[in-house]
Amino acid sequence: DTGVSQDPRHKITKRGQNVTFRCDPISEHNRLYWYRQTLGQGPEFLTYFQNEAQLEKSRLLSDRFSAERPKGSFSTLEIQRTEQGDSAMYLCASSLVQTERAKNIQYFGAGTRLSVL
Amino acid sequence: SQQGEEDPQALSIQEGENATMNCSYKTSINNLQWYRQNSGRGLVHLILIRSNEREKHSGRLRVTLDTSKKSSSLLITASRAADTASYFCAQFERGNEKLTFGTGTRLTIIP
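Those protein sequences? They're chains S and V, same order as listed. Position 5 of the first sequence, counting from 1, maps to 5 under our numbering, and the rest follow consecutively. Position 64 of the second sequence, counting from 1, maps to 1064 under our numbering, and the rest follow consecutively.
For the record, the hints were derived by calculation from the structure and aren't laboratory data. One or more hints might be untrue.
To be verified - Computed cross-link-like contacts, BS3-like style, restricted to lysine-lysine with a CA-CA straight-line distance of at most 27 Å:
| # | chain 1 | residue 1 | chain 2 | residue 2 |
| --- | --- | --- | --- | --- |
| 1 | V | K1026 | S | K57 |
| 2 | S | K57 | S | K71 |
| 3 | S | K103 | V | K1026 |
Construct the entire structure; sequences and hints are all you get.
Next up, the structure:
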């Protein structure tokens, strides 16, 4: 399977704990995106990387959230001191963008569902 | 925050009928994309239409775009039970390197 993979698929944690999610994009893709999706809503952009550089972060991404893509391949999203409001599906997507006219079609992983008790 | 609105929020039709979903957006776009999401899963790209295009076809899918009204529609013809899913439009904005998703339409196909 050469699609986007995310691990774990489900995470249950207690409020105040730290959690880390991993995303492995499609291997030749240079862009990697993180989104958050709550029940009944569309995905909301959190942050994205071009290769290893984090180029944009949403205002939704509080200082408790940090993302890395150390070698321009896989990425991790860490949430510190989790709150119940962090409960959501966290989606990762990757794309190949080489020119300004690139379409930026994104390929999504199955997501990590986080439940904060 | 999400910038797109989709209409209807939910749609139930009989298998074999056509399903139409509408999407409105607020900003200038480079392209508009439609994605499908099965329950509890990731999103799958369906079709993309550029800002200078008015209509696009792919199999049973037809997408239209009206940039003067900032709206798009997705038509699924001859629906099948496997089409049951949530459908999202997403705008890729000029100078903005992310997709902005609408609120989605939950489509149920009744066998």
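Here is how each hint holds up against the structure:
1. Taking the CA atoms of V:K1026 and S:K57, the gap is about 21 Å. The hint holds against a cut of 27 Å.
2. Restraint check for S:K57 and S:K71: satisfied, since their Cα atoms lie roughly 19 Å apart, inside the 27 Å limit.
3. As the CA atoms of S:K103 and V:K1026 are separated by approximately 20 Å, the hinted pair is consistent with the 27 Å bound.
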